[in-house]
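A.B. asks: Could you build all of it, start to finish, from the sequences and the hints given here?
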Amino acid sequence: MGGVMTVKRSTVAKVADLAALVQHECTDVLIQYRNQENLPNDMGSDRLVFVSPPSSQLDIRSKLQSLHSGLDKCYSLLERAIALEKMELDRDQMSEYKNGRRRLKEELLNLLKSTEELLKAAGGKPVRNQDDLEPYHPNNVFHLKLWVYSVYIEVKLWSKTAFTVMKELQSAKEPLKRGKRSTRRTLQ
Amino acid sequence: MIRFWFLLLVLIRLGQQNQPGPPGRSLAAGSGPPGSAVNLLSINVDSSVTIRTSSGPVPVFSSGVSPCGPRNLTVSRSDQTVLVQWEDDASCSALNDPILYNVTVLVENQDVHSDGVWVAPGLIGSTHSWRWTSPVPMDCAAHTFRLRAQINNQTSRPDQHWTLPDKEAVYSRSVFPQDAALEAGSLATFCCVVPHGQQFHQMHLDGHTGNTTKISEHRYALTVRLKPVKESGADVQCETKSGEVHGATVFIGYPPGDKDLQCETQNLESVDCRWNEGRNTMVKVKSETRYQLDGSPCVIGSELRCSKKVKIGGGERNWTLTAQNVLGQVEIRDSADLTRRVHMFAPHDLSVGDVEARSVRLSWSWTVQQYQNLSLSCQMMASDADGSIKHGVGLKAAVLTELKPNWKYEVKVRCGTAQHFWKWSDWSSRVSFHTDGDAPDALDVWMQKKGSQTVIVWKKLLANQSHGDVSGYEVTWTRTSGSHRLYKVEVNASVHQYTLDGDSIVTVTAKNQHGSSPPSTITVSAASPGTMELQDQNETSMNLSCFTGSDGGLDLSWSHRPEASCGYVVDWFPALEGDRVDWLKLPPSQNRVRIKPKNDVAGRRYWVSIYACTRGAPLLLERKDGFFTERQNPADSSLTARNLQSGFYTFIVAAQTVAGAYGNTTLEVLLNDEGSLNNIFISMGAVFILLFLITVLCHRHWACIKEKFYPDIPKPNLADWFTSPVKSVNPYLQSGLGCHGEENMAVPELLLKPAEPLNNNNQEDVDLMSQAPPLNHSNPAQGRHAVSTVFPNPTYNLPAAGPGRPAGPGRPAGLEPSDYHPQSLAEMFGQNQAGQKPIICVSEYIMALQPTQRAAQKNGGKHDGDSAES
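Chains A and B are the protein sequences, given in the same order.
For the first sequence, the positions run 203 to 390 when this note's numbering is used.
For the second sequence, the positions run 2 to 871 when this note's numbering is used.
Check the hints yourself; a few may be wrong.
What the hints assert, rightly or not - Here are some, though not all, of the chain B residues that point toward chain A, as calculated from beta-carbon distances under 7 Å:
| hint | residue |
| --- | --- |
| 1 | 179 |
| 2 | 184 |
| 3 | 202 |
| 4 | 207 |
| 5 | 208 |
| 6 | 246 |
| 7 | 248 |
| 8 | 286 |
| 9 | 289 |
| 10 | 516 |
| 11 | 520 |
| 12 | 524 |
Said to hold, decoys possible - The calculated label-pair distances, taken between Cβ atoms and stated as ranges, are:
| hint | chain 1 | residue 1 | chain 2 | residue 2 | range |
| --- | --- | --- | --- | --- | --- |
| 13 | A | 254 | B | 132 | 22 to 32 Å |
| 14 | B | 600 | A | 304 | 43 to 53 Å |
| 15 | A | 254 | B | 164 | 42 to 52 Å |
| 16 | A | 304 | B | 303 | 14 to 24 Å |
| 17 | B | 132 | A | 341 | 21 to 31 Å |
| 18 | B | 197 | A | 341 | 16 to 26 Å |
| 19 | B | 198 | A | 312 | 42 to 52 Å |
No lab work stands behind these hints: they were computed from the structure.
Predicted model, so just to flag it, every value in this text is computed and none were measured.
Quick reminder that beta carbons are idealized off the backbone N, C-alpha and C, glycines included.
C.D. replies: Here it is, written out as structure tokens:
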């Protein structure tokens, strides 16, 4: 097929909105989590996602590739964090925090899938994270809490990155190209 | 005696060693003389107890250092408590003296505690132990336990020591204890190990700082009284000055507080116990509560319940439930004879058979065969029917009676033991069925008079009364006088009335596919119910009154009447024609009821009547008219508008009637602020001064002015007709008015009284007429003096509406349009009143009569009645 495939700018705008939504939801969850666990507002966190952030020097496809990898890792971490919290700490009934946590997971998955679609449109191939490492097992409950906190920080950071990348795509002149073939997808 | 010798021995030894021990640290008790076998009792500061026996002579070593001492030292711990164990060196076996083992505890190389353990010669060679609880978290700081022996004041060979915890364990974490479950209310110490290169800033538990102490250069302790925070644990955080946060989560809560154990049996083979949890332990994340029933572990699901196989029938016995978590345990008991605590399973396989119009047969089975031998009570509950209870041994079937024909039911059953009833079983699953149809119930028949005719009315049968689809009605009647011929007519199912002429005895029946209803009979007489005409015989005894309802209804009560052999009937219908009568039939014992029209509209006027039900025609006892719901409060005669700004306003006041807003008065008001008021006062002052000057000028030239503008006029001769005052009363203000001002309005007889002078009119008359516009009198004297005068009307001689003639709707009682021709002032004085707008003030409303309304007033006051009614 030698046609030109395009991605509407409105689609990119929707993904940008989705990224903003995830960022907003994650901020809320972080506030609730800090209050719940009496964590200081300026507490630092460990880095858990070791993916190079999409720098401005990269082309669109590489940016999306990097973003997708980061979000994919974030989603895996969030899934694990929720599972561990349920296993180790969830005695309370439904709470505002748990509802927010559930919404964040759903919206992050939406963002991940939307980014994946854009990546495919740009000719990229989604790569699943191959975690050779053992899944995280907390040494103690406090460490689990800190780890969960770090997961939320990562989600917030990568949703912010997603928003920035989408804004760049909206203003980019470069069309979304698909590999070596002549099929082209351009932003409209 | 033995104790005495042993104490003496110990005191001598202690004196020889000159070694002061900590008070209460070590006590010894034994039996037998020195050198014989004795028992040593060592009590530590934490009350741990070690009992030793020893025997044999005490050797003396020339070098001053005894080779006898501890060996194989081991230290084990459980949380904060350590157990130190050791053996005696083989060289000690030759000793005849007791050995004193000194235990020294060093925390971070600081000597924090020491203790002594005496070992009697007879116990030499066995394993010795010492127990101690550290006030500092064991993981937080290195605890070193040093042990050395003293024999006859001589120190043993080099001591043995043991350090806890393992260094790796200590330095891999920063805050201790980790993930511990601690009891609320207790005092706990948490420890923070500040990493090298960092400086301690603060410690807190869930945001609350407590007493922080420094243990060593890099170790700090926080001591707080514990309070439960949340089930997911409270965090102990240790912050460094560089902002690093280290922490530990602890779970603060309580031992189990379960209570209210109650045991029963369901299958007659095992005991089932239930209980309440009581206070939340708050540590379930860390330590789920474990339960045992009489020593057997319980598997707890979503509800607190535990079962155990037992033999039923052994009489009353005790059941003990133990609830335990990491913080403690509780035991709760129940005592029961399980044969008296049978909580049956729900009946199984409920089915329906022999369905008839008013009964049905139910049957079910039991999953527990032993139930067949029990005397049972079973309750059957059908939707739309009260519960029915049946008894029997091993009851498995019952007949449900008094059901409604042609009715859909859902039925369920539950049972319990009839003897020593304990609890109902759960309900069985529901089964539905439909009863057969039957002939309709008797109709509720009444009547309504319309002119010379009588409308026989009956209420449509409800679904639970018709017992099937009603196919039609049959109306039969005979005349009460003359021929006794029986008339018969079929009425369509959709029609619920039939109109007759004359006095009759009427019977109505309803029919459906299953038959005809029992007949309902009513006697129609000359004075039938549901009419405004009253029977002559009742006029004197009947009570006619007015009513105003409350909350859309009316509470009625009346005196019992002996004539009411079959009860009472209360009926009501709107005064406006076209609306059907509604009624209630009451038993003879009931003399009060609250009625409420179904589709009442505010401001709609009703007639309400109470009848005695007799063998013949109903006897009217009481009649009322009035409103169930008033549209507004007619007593309101003033309204206040607030928060108005200065400016010009127009207010319109209108009366709300059934037909809508009626009559209105317009009031125009200019509201001024303070500045405007000042201007007005200044203007008024100026006008006053001007008037004063004009007055002075006129006074000076009065003769001239009088001559020019006001010459003397000769006095007229007054005619006789003008010298008689007449008392004219506004019909709206008469005390003898009807319930709402429009009925029973007897127009006053206006009598000419020539003997009384005009100026004797009372103040009421003046007030009333002062609201009318000035009249253009033909008499010049009246024109000059402008006297407020009431003028005589001619005599009407109209009958006042009495109880026997209530007013028709929209018309004053007793007045027929053809009867009432009030003579207008214009007719009296031959002057045209057109263009004048008299305002009639009623206590409730202010109305400006329009010309057409005035015309109506002239033609019999019909609209007067309307306006007053509303």
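A.B. asks: It remains to establish, for every hint, whether it holds in the given structure.
C.D. replies: Against the structure, the hints come out as follows:
A least Cβ separation of about 4 Å between residue 179 (chain B) and chain A falls short of the 7 Å threshold, and the interface hint therefore holds. Taking 7 Å as the C-beta contact cut-off toward chain A, the hint placing residue 184 (chain B) at the interface is violated, the least distance being around 18 Å. For residue 202 (chain B), the suggested interface contact is broken, since its CB lies about 11 Å from the closest CB of chain A, more than 7 Å. Hint on residue 207 (chain B) holds. Least Cβ distance to chain A is approximately 5 Å, under the 7 Å limit.
Annotation: residue 208 (chain B) was flagged as interfacial toward chain A, and the flag holds, the nearest CB pair being 4 Å apart, inside 7 Å. Residue-level restraint check for residue 246 (chain B) holds (minimum Cβ-Cβ distance to chain A is 6 Å; threshold 7 Å). Among the interface hints, the one on residue 248 (chain B) holds; its C-beta lies about 4 Å from the nearest C-beta in chain A, closer than the 7 Å criterion. Contact between residue 286 (chain B) and chain A, as hinted, is supported at the beta carbon level, the nearest pair being about 5 Å apart and thus within 7 Å.
Contact between residue 289 (chain B) and chain A, as hinted, is not supported at the beta carbon level, the nearest pair being about 10 Å apart and thus beyond 7 Å. Taken as an interface hint, residue 516 (chain B) does not check out: its beta carbon lies about 60 Å from the nearest beta carbon of chain A, beyond 7 Å. For residue 520 (chain B), the shortest C-beta to C-beta distance to chain A is roughly 65 Å, which exceeds 7 Å, and the interface hint is violated. Because the smallest distance between the Cβ of residue 524 (chain B) and any Cβ of chain A comes to about 70 Å, over 7 Å, the interface hint for this residue is violated.
The supplied range of 22 to 32 Å is broken by residue 254 (chain A) and residue 132 (chain B), whose beta-carbon atoms lie about 58 Å from each other. Between residue 600 (chain B) and residue 304 (chain A) the beta carbons are some 52 Å apart, a value that agrees with the proposed interval 43 to 53 Å. Between residue 254 (chain A) and residue 164 (chain B) the beta carbon distance is about 47 Å. The supplied range of 42 to 52 Å therefore holds. Distance hint check for residue 304 (chain A) and residue 303 (chain B): the Cβ-Cβ separation is about 22 Å, which falls inside the suggested range of 14 to 24 Å.
At about 29 Å, the beta-carbon gap between residue 132 (chain B) and residue 341 (chain A) stays in the expected band of 21 to 31 Å. The hint said 16 to 26 Å for the Cβ distance between residue 197 (chain B) and residue 341 (chain A), and at roughly 20 Å that hint holds. Take residue 198 (chain B) and residue 312 (chain A): their Cβ atoms lie about 45 Å apart, and the range 42 to 52 Å holds.
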